[in-house]
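There are 2 protein chains.
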Amino acid sequence: MPKDVIISAAEEKDPANFALANCIRALSIDGVEAAKSGHPGAPMGMADAAAVLFSKHLKFDASAPLWPDRDRFVLSNGHGSMLLYSLLYLTGYEDTTIEQIKNFRQWGYHTAGHPEYGHAGGIETTTGPLGQGIATAVGMALAERRMAEEFGSDIVDHRTYVFLGDGCLQEGIGQEAISLAGHQKLNKLIVLYDDNSITIDGDTSISFSEDVPARFRACGWNTLECDGHDATALDAALTQAKDSDKPTMIAMKTVIGFGAPTKGGTAKVHGSPLGPDEAAAAKAALGWDAEPFDVPADLLTKWRDIGARGAADHAAWLAKFDALDADLQAEFTRRINGEMPPELSDAVAGAKAALFAEPQKVATRKASQMALETLTEALPEMIGGSADLTGSNLTRVPAVDSQFTADHAGRYIGYGVREFGMAAAMNGIAVHGGLIPYGGTFLVFSDYARNAIRLSALMEIGTIYVMTHDSIGLGEDGPTHQPVEHVASLRAIPNLNVMRPADTVETLECWDIAVRSRKTPSLMALSRQGVPQLRMDGTENLSAKGAYVIRQFGEGRDVTLIATGTEVSLAVEAAEALHADGLNVAVVSMPCWELFDAQSPDYRAATLGDAPRIAVEALSTFGWTRYVASEDDVIGMRGFGASAPANILYEKFGITKEAIVARAKALTGKS
Amino acid sequence: MPKDVIISAAEEKDPANFALANCIRALSIDGVEAAKSGHPGAPMGMADAAAVLFSKHLKFDASAPLWPDRDRFVLSNGHGSMLLYSLLYLTGYEDTTIEQIKNFRQWGYHTAGHPEYGHAGGIETTTGPLGQGIATAVGMALAERRMAEEFGSDIVDHRTYVFLGDGCLQEGIGQEAISLAGHQKLNKLIVLYDDNSITIDGDTSISFSEDVPARFRACGWNTLECDGHDATALDAALTQAKDSDKPTMIAMKTVIGFGAPTKGGTAKVHGSPLGPDEAAAAKAALGWDAEPFDVPADLLTKWRDIGARGAADHAAWLAKFDALDADLQAEFTRRINGEMPPELSDAVAGAKAALFAEPQKVATRKASQMALETLTEALPEMIGGSADLTGSNLTRVPAVDSQFTADHAGRYIGYGVREFGMAAAMNGIAVHGGLIPYGGTFLVFSDYARNAIRLSALMEIGTIYVMTHDSIGLGEDGPTHQPVEHVASLRAIPNLNVMRPADTVETLECWDIAVRSRKTPSLMALSRQGVPQLRMDGTENLSAKGAYVIRQFGEGRDVTLIATGTEVSLAVEAAEALHADGLNVAVVSMPCWELFDAQSPDYRAATLGDAPRIAVEALSTFGWTRYVASEDDVIGMRGFGASAPANILYEKFGITKEAIVARAKALTGKS
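Taken in sequence, the protein lines are chains A and B.
517 is the number that full-length UniProt numbering gives to position 517 of the first sequence; each next residue is one higher, with no gaps.
369 is the number that full-length UniProt numbering gives to position 369 of the second sequence; each next residue is one higher, with no gaps.
One chain only, chain A, in its complex shape:
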């Protein structure tokens, strides 16, 4: 069909929707032109669907972006960010002004290249890394169902809508999300697939020839297909989707860069400005004659009315909420605000006292299980899970011992062998609000989930990663399963608390920090093998300082041993041997670098001391020169592990008391 015919067909089908969509298209063109960079193609192609969704289906109130029962809208193809910013401006979100649109992709404005969570109302999650939007949306839908189960569907009853493109479907994480959503029958999840046959490299036929709807159906989805520029068909499809008992995918055939006369329908319009001539021609073809960034008053009024459309729903919800039992209201509000209940401190103190009363020699993954028993009991917002390693991660404890299924939104999610999908879904649960997600896998497979862990940190949300089998100490499974560089590589991620506790007490303390850290994600590195309990008294959460002197042998220091996790007890053994030989030794346990680096210079200097320092960690030595003088002062791994029993590996790789003692003597010149 010639392009002018396609345009007039869209207009004829529904002139009002066409006009609304043109507002999005014009602003998207203008924003990208002004920035001289960006992606106009997707916003232009999805504008009709966005107009139908926002004007007729999406439950939202632009004046109340945080209304807990709003529908969530996720732009999984986040490069089409001008679509979202246009919608936020048009519907009247207070913080997205026309100045924001004019300063797309500029320093100091929240209209970033890709939508960033927390920067403005209406941005429900950070998107751009493809496939993660849909996977995060699955988490939102899981959270909605859990919250509805807890607080009733009078208070929690909303949908999650996702726009996505071919990239999200080519990415493996997209499939993980689709498979999990179908399995859980998340029928309030509705996906609109921007089926425009174009990716950056050109036609999708270069690399992608599958039958997408058939794949979704194989995974238990309801699928619909329609013309993405036909407002009537889109409206009908959305209406049908809302009635399904399965998640729905609407494959909408679209033209990328719809309206651009020469570049529309080609990869040229994907990720570059149209250029002045094509921009002008596109506007002419669309019948748009306003100045750049100007939206005719009548159309802006219509859009603002759409933005206010949900006010009545919102008011009705508030009335229902006010009618709730006061305790339930307070609990809901506490949960949504991410506040801790006052009982938490007592519960943790009680658990700590119990450990002091009966010290436990266990693996730190087991210590984590014990901590979780306390915390999940105290915090009904905690929702657990594992990527099919429940018995290894020890993430399932009595309070969460109810499976999340299609029929019952329990407190434990079987994520399947889908680490990346799990991590992204946990991010979705976290940004949804009201819940604290934690989920487990082996530390080595943090690699699979890594970009979602990064997004937790970038979004400043409190997702908790339970990563067990944290060193060569896992033994026989061998180097494919033994983390070496992982802790270092995770420490390098900004705003991520990587915690490697030494014993039961530190593990409890680290968990206490993790559940309270609602703006910083936490990653717990936990052992397979047992360690003695080192801490026997004290109420203060010493792990919150990141590092502290856990043992002092003699007065002053000839040497300081810094260790983490399972190697703290090894360092204590070495220190005992050194002290027996006449050296004064401090042992510093350092469960969390990030927290330590945030302490005062005085505290850090006093803790690290002036004496020569040795670091001990059965992981890559990479990065330890932050605290010790030389790589030679790190007792750690310098290559990959091997398949053998753990004790043999420690010996073969030289992570031993003897090696620590020898290095200490060499450094101090005492023998």
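Hints are computed from structural coordinates only; laboratory data are not their basis.
There may be inaccurate statements among the hints.
Copies of the same chain are indistinguishable here, so a pair counts whether it falls within one copy or spans any two.
No farther apart than 27 Å at their CA atoms in a straight line, the calculated lysine-lysine pairs in the DSSO-like style are these [stated by the list, open to error]:
{"no.": "1", "residue 1": "Lys253", "residue 2": "Lys185"}
{"no.": "2", "residue 1": "Lys652", "residue 2": "Lys36"}
{"no.": "3", "residue 1": "Lys545", "residue 2": "Lys302"}
{"no.": "4", "residue 1": "Lys545", "residue 2": "Lys366"}
{"no.": "5", "residue 1": "Lys361", "residue 2": "Lys36"}
{"no.": "6", "residue 1": "Lys652", "residue 2": "Lys102"}
{"no.": "7", "residue 1": "Lys302", "residue 2": "Lys13"}
{"no.": "8", "residue 1": "Lys185", "residue 2": "Lys519"}
{"no.": "9", "residue 1": "Lys3", "residue 2": "Lys36"}
{"no.": "10", "residue 1": "Lys519", "residue 2": "Lys320"}
{"no.": "11", "residue 1": "Lys652", "residue 2": "Lys519"}
{"no.": "12", "residue 1": "Lys59", "residue 2": "Lys302"}
Small disclaimer: the values here were computed from a predicted structure and weren't measured.
Fit chain B to the supplied structure of chain A, relying on the hints for placement.
Relative to the frame of chain A, chain B by itself:
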């Protein structure tokens, strides 16, 4: 069906195959029992299929594990490693003796917890991290097709067989592989799916309810279903699969831990030894009465005959190979051996001379394109690609400008938006032999591919990663697309050359190193923004030292500036300013830490010098204390980036000439 009935049904169908399969089952039981750890369930369940495949279909010669035209066998569910080790021992691979089987998972033996490439004949790739086996196998099948196109199907005509389980199909990378294989119609790829309805957490119904064959069909595969313990049905299915013009997936319904009377068919047999009682009962149920690790002579003879079954094929192949044109023989041998042609050095020298004659101020990704033009011309074994970012990565150059399609195995692969799948496929191409794969994406998305990059390093193979847009210098796309911690986190991986070249000359040198490094993978971090050419003469590959003095201002040193990539020219500017103020300054360009750390202590000391040092890199400061005294001496990033033009970001984040100068003056006490 009761378990004893299932067993006798399998025996009745094909007693000979049943007996062969029992050898695998018995050895697998014994190996895991002796190690007191491991995964007996998968080997016991897949033994019948393995016996059919090896005895009737797989083209191999146990006496010649490296025969280039052998069929490849990939155990994607690598935890079932005893299946593979049993097969290698039974068919007579020389290095897999019964001692190896007896010492499963022990130090000093190659029978590791998961199969490790390069440790023994017949292990075609390292598996264990789920989903990567099938994705690597896709690479092998791509390689086979390309080599056949180049050398003819008389010489290259083999299949790739994959065993996989539910985990591989739940992992997103599995779908990436399936989708790509279907798109490319890789009909010599045959997958046997161990459909046993069990994962670690229990029944697959906890998390996995999709119609797997329907998903494969949606992706263009031929699918077959059969009883995985019915040798006749398996034989028929494999025969059919070999005739298909599409890749084939055979869903074989199996019982995990087949033969174990109480634990068989349950998760209990997945990852733990059967225990002495259950092991004895299983052997009794299977009618196996030999001593542990003993295989009755008649059965061992049958297996050894299977191992020798391909000798005639092998001899016929050798005859065909001998009949080839001598040049073609030599070229094939050179390619399979991973040797460089003598012309390469001249080609690189010529390209370098051209750069000296006409210096280029370009982005290092553009410099990479220029280097690739030379190298792909000189090395017909190079096969390029990109995860849908060809125009950004600049990976497609004239010599490889032929698309790999289902009809024509060209030299450029459109991997689609599948970074992880691409990386694993490249590993498959590399281990197949005869080709050097390189592929591009944005550096930030190395996160998606990270575990496959790790496997390249662990396997000691020469996969080349082209990672562009390597810092905040990419500008407006914002923090989701700006790598910060990535280079540090990649440097932490053992045996990976992370290279961040400073200009056209270093980029050419790094590429020269990369193509010659056949035992160490290389990852090139390349810029979006332009940089001046700094090197104007010299024939030596200075980048091969990892770091070297690129500029010296004055005699001796008051301060040393160490920089990488785009920040080397910034450091030179700062050094000029410092020298104008009377300081003597050396600028060290450090394109590759790994190569520098491998130099002699004298060279390292001379290069780094005794003067105070400052590091400059527009990335996370993490790790730089290896070379400088303090984090404060690193001019770099301490958090995530932002969306704005690149020059503004450098200024806002303090990565400027002024900041370098100020720190240098503070350190030297000169102002």
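Hint numbers not upheld by this structure, sorted from lowest to highest: 3, 8, 10
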